[in-house]
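Participant: Take the sequences, apply the hints, and build the full model.
Here is what each chain is made of, one letter per residue.
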Amino acid sequence: MNGMAQPDNASYYATYTTVLTVILVGVAFAAAAFGANRLLRPTRPTREKLLTYESGVDPVGEGWAQTHVRYYVFAYLYVVFAVDAIYLFPWATVFAAPGFGWVTLVEMFVFLGFIAVGLLYAWRKGVLTWT
Amino acid sequence: MTAAVMPLAAGELAAFGKDPWWIILIKAVAITVFLLVFTIFNVWFERRVVARMQHRVGPNVHGKFGLLQSLADGIKLSLKETIKPKGVDTILYVLAPIISAAMAFVAFSVIPLGPEVSIFGHRTPLQLTDLPVGVLFVLAAASLGIYGIVLGGWSSGSTYPLLGGLRSSAQMISYEVAMGLALVAVFLYSGSMSTSEIVGAQAGGSAVDIFGVTLQLPSWYGVVLLPSFLIYMIAMVGETNRAPFDLPEAEGELVAGFMTEYSSMKYLLFFLAEYVNMVTVSALATTMFLGGWRAPWPISLWAGANEGWWPLLWFLGKVLVFLFVFIWLRGTLPRMRYDQFMRLGWKILIPVALVWTVFVATARATLSAGYQRQFFFGIGAVVIVVLLLSFVYDAVAARREKAEEVEREEADQVEFDPFAGGYPVPPMPGQKVPGLEPAAVAVAAASAGAGSADSSGGAGAEGAGQQADSGEERGRG
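Line by line, the protein sequences give chains E and H.
Mapping the first sequence onto my numbering, position 76 (from 1) lands on 76, and the numbers just tick up by one.
Mapping the second sequence onto my numbering, position 244 (from 1) lands on 244, and the numbers just tick up by one.
Everything labelled a hint here was simulated from the structure, so no lab data went into it.
Hints may be right or wrong, so weigh each one.
[As the list claims (entries may be wrong)] Derived BS3-like pairs (lysine-lysine); straight-line CA-CA distance at most 30 Å: (1) K80/H with K49/E; (2) K347/H with K402/H; (3) K86/H with K49/E; (4) K84/H with K49/E; (5) K125/E with K347/H; (6) K76/H with K49/E; (7) K64/H with K76/H; (8) K80/H with K64/H; (9) K86/H with K76/H; (10) K402/H with K125/E.
[Stated by the list, open to error] Part of the chain E face toward chain H, derived, beta carbon under 10 Å: (11) T15; (12) T17; (13) L24; (14) A28; (15) K49; (16) L50; (17) R70; (18) V80; (19) A85; (20) P90; (21) A96; (22) T104; (23) L105; (24) K125.
Yeah, the Cβ is synthetic: ideal placement off N, Cα and C, and Gly gets one too.
Facilitator: What follows is the structure, encoded as structure tokens:
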């Protein structure tokens, strides 16, 4: 387990395996909680209890209703900006390093300009306005 | 390009990835337990502080100062019957709270809590692990946490959870964009995405030369990059679904949002995830903007302030300040409407963050290339242009307003007929019902005239009489 002797890549991935431990501990905690809950809780289901909540009246039809398509547009916009961030973050860490000149800066501004035009387009189309 | 950068990052993170397995396990369990205990404390803290703000006492019975109240609530909740409604999608229904809770814990694994300390004779940093892309990892974990919410909402097979889940996910992804953009400026300054290096970069301030005067910049990015800090602060409240942005749980509209059909332990896990997320975004804010575990100014004069276990205390103190702000917001601000909220995110925060990023990048590049004078002249020029444009805009807006005013007055000339559509409708703003004086005016005139002048009192009574008459007329009509 000494990272000095290992090649760089191995210790690099080792840091991610460590993250996996926390996920496992978290899942183990949830599983233990569910297990304890199962042992300790009462279970007395009745027909009324098993209905979904509709503010006091019996639910009619299925709960999987159609929803406004607007959420879908926001998901798209999010993807645009998430990908934007993926390019922006590494650029931000290296742009001041020697070897990256003004071209690096201007290139990113052009890229951000394109992103901004996308946002502006959505804005003008009225997608961002909630009616 | 990446090959040239990677060894550098790997070298600086050499302290990580060398722990034996038992240290990793201790740290992982310690983080989980810490977050659980902190959540219990946090619930109590919130209830006490909100109570104080509302002139109440808050929980004060169980334990000293009521400290055990939230623990008791947690135990009680986990002993409750689990009701799983008919028609839910069982697998996702069970999986959703687990995803939420596990992802909330994960984000904390790259937060630096302190410098190197000795655990059972083993020197190790007070941080589970660090990645060259540490902050990106935190954002990714937060994104995965949204799956828990949207799946929980969908799998319940009920209307309110579905709407709440959709709202919540739209809200969180919107504010995550603003959050990510706010953090770019920090990366521009620190030149790293690793959390421990960002803390290290805030250790000492840098000097800047403005027109021959050397200024010592403060070391915290929260001061240097104040706009980023403010955008992050707003985004983190939106990201955690807290008041005034707690729309997914707006009980007047959506009952309990995506948690409506959850009960007992599953509900507890969602609840836990929400509070852990609060701690996580606060910890990230501390790390990115407030110097992380490094001691704040008066304490930092003490030489031993940044060594051993002490930094854990400074870190917790800073996180507690953020948590207090969360509670303060809840105690102060009413809930926003959903359209206002989305407008704030997409039309204000994101454009401002984009412009600010461009500005910071330009500033960094020009200042580090030694073009101070040009840079400040450039800023001056931009400010003047913006001012001029705003004057032009104001003039145009004023002219347009005047034109609209004229139009409205012309519209007022036409007499308003409440019965034009066949049934009575109230007048639109600006329109006046002929012969009708607003009741408030009539009453005010009557009360004003009651003391001294008879004439004005008479006029008021007359007005009221007229009003009654016209009402009668319309009733007959």
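Participant: For the pair supplied as a hint, K80/H and K64/H, confirm whether the alpha-carbon distance does not exceed 30 Å.
Facilitator: holds, 26 Å
Participant: Interface hint check: A85/E, Cβ to nearest Cβ on chain H, cutoff 10 Å. Holds or violated?
Facilitator: Result: holds, 4 Å to nearest chain H Cβ.
Participant: Need the status of pair K86/H, K49/E: alpha-carbon distance at most 30 Å?
Facilitator: Roughly 9 Å between the alpha carbons, so the hint for K86/H and K49/E holds.
Participant: Against the 30 Å threshold, does the CA-CA distance of K347/H and K402/H hold or violate the hint?
Facilitator: Between K347/H and K402/H the Cα gap is close to 27 Å, so the pair holds against 30 Å.
Participant: Taking the closest Cβ pair, is P90/E under 10 Å from chain H?
Facilitator: holds, 8 Å
Participant: Is the interface hint satisfied for A28/E? The criterion is a beta-carbon contact with chain H at less than 10 Å.
Facilitator: With Cβ-Cβ at 9 Å, under 10 Å, it holds.
Participant: Regarding the pair K402/H and K125/E, is the alpha-carbon distance no greater than 30 Å?
Facilitator: holds, 28 Å
Participant: K125/E was flagged as interface toward chain H. Is the shortest Cβ-Cβ separation under 10 Å?
Facilitator: violated, 12 Å
Participant: Given the proposed pairing of K64/H with K76/H, does the C-alpha separation stay at or below 30 Å?
Facilitator: At roughly 19 Å apart (the allowed maximum being 30 Å), K76/H and K64/H satisfy the hint.
Participant: Taking the closest Cβ pair, is L50/E under 10 Å from chain H?
Facilitator: holds, 5 Å
Participant: Taking 10 Å as the limit, does the beta-carbon of K49/E come near enough to a beta-carbon in chain H?
Facilitator: At 5 Å from the nearest chain H Cβ, K49/E passes the 10 Å test, so the hint holds.
Participant: Would you check the hint for K76/H and K49/E, treating anything up to 30 Å between C-alpha atoms as holding?
Facilitator: holds, 20 Å
Consistency with the previously given hints fails for number 24 only.
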